[in-house]
Amino acid sequence: MRIAVIADPESAQGFRLSGLEAHAARTAEEARAKLEELVQKGGYALVAVDGGLLPEPEKAVERLMRGKDLPVLLPIAGLKEAFQNPDVEGYMRELVRRTIGFDIKL
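Residues in the sequence shown are numbered from 770 upward in steps of one, following this note's numbering.
If you are wondering where the hints come from, they were derived from the structure by calculation, not from laboratory data.
The reader is advised that the hints may include incorrect statements.
Said to hold, decoys possible - DSSO-like cross-link-like pairs, simulated, lysine-lysine; straight-line CA separation at most 30 Å: (1) Lys828 - Lys803; (2) Lys837 - Lys810; (3) Lys828 - Lys810; (4) Lys837 - Lys803.
Stated by the list, open to error - Restraint ranges, calculated between C-beta atoms of paired labels, are given here: (5) Arg832 - Pro855: 36 to 44 Å; (6) Gly811 - Leu789: 14 to 22 Å; (7) Glu779 - Arg832: 15 to 23 Å; (8) Lys810 - Pro855: 36 to 44 Å; (9) Leu789 - Glu863: 15 to 23 Å; (10) Glu798 - Val841: 29 to 37 Å.
Heads up, the beta-carbon is just placed ideally off N, CA and C, and yes, glycines get one too.
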(Lines of atoms letter the chains of each structure in order from A and count residues from 1; the text may use other names and numbers.)
(Lines give C-alpha, C1' and ligand atoms only; values in the text may rest on other atoms or scores of the structure.)
Protein backbone atom coordinates (compact mmCIF):
# COMPACT_ATOMS: atom_id res chain seq x y z
CA MET A 1 0.00 0.00 0.00
CA ARG A 2 1.22 3.47 -0.87
CA ILE A 3 0.75 7.05 0.30
CA ALA A 4 0.07 9.90 -2.12
CA VAL A 5 -0.34 13.65 -1.77
CA ILE A 6 -2.29 16.02 -4.01
CA ALA A 7 -1.23 19.64 -3.52
CA ASP A 8 -0.37 22.88 -5.26
CA PRO A 9 2.80 22.64 -7.40
CA GLU A 10 5.11 24.23 -4.81
CA SER A 11 3.92 22.00 -1.97
CA ALA A 12 3.96 18.92 -4.21
CA GLN A 13 7.63 19.54 -4.95
CA GLY A 14 8.36 19.65 -1.21
CA PHE A 15 6.52 16.38 -0.63
CA ARG A 16 8.47 14.77 -3.49
CA LEU A 17 11.74 15.93 -1.95
CA SER A 18 10.71 14.23 1.29
CA GLY A 19 10.20 10.96 -0.58
CA LEU A 20 6.42 10.89 -0.97
CA GLU A 21 4.49 10.35 -4.16
CA ALA A 22 3.06 13.79 -4.88
CA HIS A 23 0.78 15.07 -7.61
CA ALA A 24 0.46 18.76 -8.47
CA ALA A 25 -2.89 20.43 -9.11
CA ARG A 26 -3.56 24.11 -9.74
CA THR A 27 -7.37 24.02 -9.52
CA ALA A 28 -10.08 22.14 -7.66
CA GLU A 29 -11.04 20.38 -10.90
CA GLU A 30 -7.47 19.14 -11.44
CA ALA A 31 -7.33 17.94 -7.82
CA ARG A 32 -10.67 16.14 -8.12
CA ALA A 33 -9.63 14.45 -11.38
CA LYS A 34 -6.33 13.28 -9.87
CA LEU A 35 -8.10 12.02 -6.73
CA GLU A 36 -10.61 10.07 -8.83
CA GLU A 37 -7.73 8.56 -10.79
CA LEU A 38 -5.90 7.45 -7.63
CA VAL A 39 -9.04 5.97 -6.04
CA GLN A 40 -9.87 4.02 -9.21
CA LYS A 41 -6.26 2.87 -9.63
CA GLY A 42 -6.20 1.38 -6.11
CA GLY A 43 -3.17 0.39 -4.08
CA TYR A 44 -3.20 3.49 -1.84
CA ALA A 45 -3.65 3.37 1.93
CA LEU A 46 -3.70 7.16 2.35
CA VAL A 47 -4.25 10.07 0.00
CA ALA A 48 -3.62 13.49 1.54
CA VAL A 49 -5.27 16.38 -0.29
CA ASP A 50 -4.52 20.10 0.07
CA GLY A 51 -7.60 21.53 1.78
CA GLY A 52 -7.19 24.76 -0.16
CA LEU A 53 -7.74 22.87 -3.40
CA LEU A 54 -10.35 20.37 -2.25
CA PRO A 55 -11.67 21.02 1.29
CA GLU A 56 -13.80 17.85 1.45
CA PRO A 57 -12.08 15.16 -0.61
CA GLU A 58 -14.40 12.39 0.62
CA LYS A 59 -17.41 14.18 -0.89
CA ALA A 60 -15.59 14.64 -4.21
CA VAL A 61 -15.24 10.87 -4.66
CA GLU A 62 -18.16 9.63 -2.56
CA ARG A 63 -19.56 7.49 -5.38
CA LEU A 64 -16.18 5.89 -6.11
CA MET A 65 -15.54 5.12 -2.43
CA ARG A 66 -18.78 3.19 -1.84
CA GLY A 67 -17.89 -0.18 -0.37
CA LYS A 68 -14.20 0.69 -0.03
CA ASP A 69 -12.26 1.23 3.18
CA LEU A 70 -9.12 2.49 1.48
CA PRO A 71 -7.68 4.88 0.74
CA VAL A 72 -8.17 7.05 3.79
CA LEU A 73 -8.67 10.59 2.48
CA LEU A 74 -6.95 13.22 4.59
CA PRO A 75 -7.40 16.95 3.97
CA ILE A 76 -4.19 18.75 4.90
CA ALA A 77 -3.29 22.40 5.29
CA GLY A 78 -1.96 24.12 2.20
CA LEU A 79 0.93 26.56 2.41
CA LYS A 80 -1.33 29.51 3.21
CA GLU A 81 -3.19 27.70 5.98
CA ALA A 82 -0.07 26.16 7.50
CA PHE A 83 1.73 29.46 7.89
CA GLN A 84 -1.31 31.20 9.38
CA ASN A 85 -1.71 28.67 12.21
CA PRO A 86 0.96 29.00 14.95
CA ASP A 87 0.19 25.51 16.37
CA VAL A 88 0.96 23.40 13.30
CA GLU A 89 1.43 20.17 15.29
CA GLY A 90 -1.93 20.62 17.04
CA TYR A 91 -3.58 21.42 13.73
CA MET A 92 -2.23 18.26 12.09
CA ARG A 93 -3.12 16.13 15.15
CA GLU A 94 -6.72 17.40 14.96
CA LEU A 95 -6.92 16.65 11.22
CA VAL A 96 -5.74 13.07 11.78
CA ARG A 97 -8.11 12.64 14.76
CA ARG A 98 -11.11 13.81 12.70
CA THR A 99 -10.13 11.57 9.79
CA ILE A 100 -9.39 8.27 11.54
CA GLY A 101 -11.34 8.82 14.76
CA PHE A 102 -8.59 8.79 17.37
CA ASP A 103 -5.62 10.82 18.50
CA ILE A 104 -2.05 9.82 17.71
CA LYS A 105 1.16 11.28 19.00
CA LEU A 106 3.12 13.03 16.27
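Hints, verified against the model:
Taking the CA atoms of Lys828 and Lys803, the gap is near 14 Å; set against the 30 Å cutoff, the hint holds. Between the alpha carbons of Lys837 and Lys810 the distance comes to roughly 13 Å, so the proposed pair stays at or under 30 Å and holds. Distance check on the hinted pair: Lys828 and Lys810 sit about 18 Å apart at the alpha-carbon level, within 30 Å; holds. As the CA atoms of Lys837 and Lys803 are separated by approximately 18 Å, the hinted pair is consistent with the 30 Å bound.
Range check, Arg832 to Pro855: about 38 Å between beta-carbon atoms, so the 36 to 44 Å window is met. Between Gly811 and Leu789 the beta carbons are some 18 Å apart, a value that agrees with the proposed interval 14 to 22 Å. The supplied range of 15 to 23 Å is broken by Glu779 and Arg832, whose beta-carbon atoms lie about 31 Å from each other. For the pair Lys810 and Pro855, the beta carbons lie near 37 Å from each other, so the given range of 36 to 44 Å is met.
Between Leu789 and Glu863 the beta carbons are some 21 Å apart, a value that agrees with the proposed interval 15 to 23 Å. For Glu798 and Val841, the hinted distance range of 29 to 37 Å is not satisfied, since their beta carbons lie about 23 Å from each other.
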